[in-house]
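Given chain A, put chain B in place with the hints provided.
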Amino acid sequence: MDAIHTFLEVKDLKTRFHTPEGTVYAVNGVSFTLKEGETLAVVGESGCGKSVTMMSILRLISIPPGEIVSGEVTYRDRNLLKLSESEMEHVRGKEVAMIFQDPMTSLNPVLTVGRQLTETLRTHTNMDEEQSRQRAVTLLEWVGIPDAGKRLTDYPHQFSGGMRQRVMIAMALACTPSLLIADEPTTALDVTIQAQIIELVKKLKQDVGMAMIWITHDLGVVAGIADRVIVMYAGFIVEEAEVDDLYDSPLHPYTTALLQALPRADRRRDKNLKSIQGVPPNLLAEPRGCPFAPRCEFVKERCVNENPLLIETENRHKVACWVNVKTGALR
Amino acid sequence: MTPPLQHGTFPLQRWRMLLKRFGWALFTILFVVVLNFFLFRVLPGDPARQGIRDPRLTPETIQAIRVRFGLDKPIINCFESLNPVKVGSCGVNPLDTQFFIYVKNLLKGDLGQSFYYNRPVKDILGERLWNTILLIGAGQILAILIGVVFGLFAAWKARTAIDYAALISGLVAWSLPTFWLAIILLFWGTNHGLPIGGKATPGMSSYPFMQQMGDLLQHLFLPTLAYTIIYMGEYMLIMRSSLLDVLAEDYILAAKAKGLSAFQILKDHALKNSMLPLVTLIAINLGFTVGGAVQIETVFSWPGLGGAIFEAVGRKDYPLLQGGFLLIAISVILANFIADLTYSYLDPRVQAD
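The listed protein sequences correspond, in order, to chains A and B. All residue numbers for the first sequence refer to the numbering used here, where the first residue is 13 and numbers rise by one. All residue numbers for the second sequence refer to the numbering used here, where the first residue is 83 and numbers rise by one.
Chain A with its partners taken away, still in its complex shape (with noise of 0.2 Å):
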């Protein structure tokens, strides 16, 4: 592998909860790489583990109830799991930034944006207050907030949605960070300024050349943004591709389903959408077997008991199944 490139490793990780009800197997061993400067999409549905992935590398899983079983994260050359929690305070925030999926509640309500913004810049860099100030005023010119010197002052609540989540990217990109985290930033947004936002996201990113990581459940959103593309089901990586081939070859059932229910402009549109059958699996019993299995249209009996490992099968595309999807064979 080549160590210049890939800045961000992820290995075999396992996050779990201990609640009063059991234990919740969240995270089952995920595995992936990102290089510098890409953009990973991690696309699943609602509890399959993408949110709770992403926090585990940034070490925001609040222990207990959480458990970081076992891993490794290696951001250039640094396991970020072994760090102490002052190291860890200097990657966040500073190297790695994260946005979150409710601008709503996501900003301290009692605080002014410019102290909110100015906090960051004093924690991780030596400007005063003024020069803070000055860049605070510029990083909300950037995210497109207009009059920006005075909305300084302005509170979370004299923001509208929109703006909201323009003042939480200014804030993760503060210190130009080398990777961001999207945690479904778009969810909680009108449409129209979804897009809006989607736009200025891909546009800062080139600005300032970063890697990023976007959670989604909306497969639309993912086209237009990511270069590849990870599944994530009942907390496994199921997939993993190049975001065209994803959308052209899709390897795995639940990806293949998942495509099957949105609508898109290129096909026909007298064909009935198709909805995936059965619900996801509770996450409350240790992982035996497919995951998918008990919803799966291809499921053979080595589904039940054995769970397949995520292998490359064509060139970068990986595919955890054990039955090829296009035969209907077992591999």
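Calculated from the structure, these hints are not laboratory results. Keep in mind it's a predicted model, so treat the numbers as computed, not measured. Hints may contain errors.
Covered, in the sense of this in silico footprint (three residues per stretch, anywhere, with C-beta under 8 Å from a C-beta of chain B), are these stretches of chain A [unchecked claim]: (1) 101–110; (2) 116–128.
Derived PhoX-like pairs (lysine-lysine); straight-line CA-CA distance at most 25 Å [stated by the list, open to error]: (3) A:K330 with A:K23; (4) A:K94 with B:K239; (5) B:K354 with A:K162; (6) B:K186 with B:K155; (7) B:K349 with A:K106.
Glycine included, every Cβ here is placed at the ideal spot set by N, Cα and C.
Below, chain B without anything else, positioned relative to chain A:
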């Protein structure tokens, strides 16, 4: 000049809100003033006969007492008493009615003459109020300090042995009956040579100032301790749960993702938000306890307002009661107004509603 980032501007909108709240507070006080007057007039019985229960009083003497307290005058114009059947003469000069005299005297700061002490109510309440403020002030400050510190600590160490110990002691302290705790402390104080009643040892006034102060502190110790224990638990529990709620908020996670340290998060992001419920609680407690420390003041014979009102009920000392009620009502209203002010300072979302 650059505007400060710490606090927002103080917009016109907020001034308008404060003015509105102040207007409501004034209106409420006026309402209480009127209600308070009629409340004591609908009580049955003749105040002139209640004070001196001597059956040998001649009608002339009774009439003289009535004249002395102004009870011979009609209550308001057209009504001799509040009995609607007994319509009085409407020809009475409205300026010569009990209600008008009451309002006029109030404006002059005159709360009337106590039936029992035969002294101005204003003077009696004035002395008592300071004693109560001394006791409640000391007790509240201690209770808030201890409660907040322990509450923060318990929340910070949530779901550990420290937290559970704090939680249980807080619950116990909160649920102790006030009078029971006061009596237990009274026994304990007796065995440890502490003064158990009043606010000064008799004859103390001839001693030097410092000695008088020391004596006062000794007398203050037990009632303050009782008061502190009772309120400390409440503050601790509220602080703990409020901080736990705030720590579970999304913006705390976002602050952590920004690379802030745990201490920075607690100090800059959690504390101000978690103080909001406490401000309300403190205001309510302060308002009510001006008249509400009755149990502690009674057990320790502390010459405070609560004790005065308690005694005035037994003595049917209506002017004193009327003045006391008014004082309590004004305290509650003012405390709420101050809470509004603090709230709008702490939470920028509180604006014109």
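We went through each hint and held it up to the structure:
| no. | hint | in the structure |
| --- | --- | --- |
| 1 | 101–110 | holds (count 8) |
| 2 | 116–128 | holds (count 10) |
| 3 | A:K330 with A:K23 | holds (15 Å) |
| 4 | A:K94 with B:K239 | holds (24 Å) |
| 5 | B:K354 with A:K162 | holds (24 Å) |
| 6 | B:K186 with B:K155 | holds (15 Å) |
| 7 | B:K349 with A:K106 | holds (21 Å) |
Hint compliance for this structure: every hint is met.
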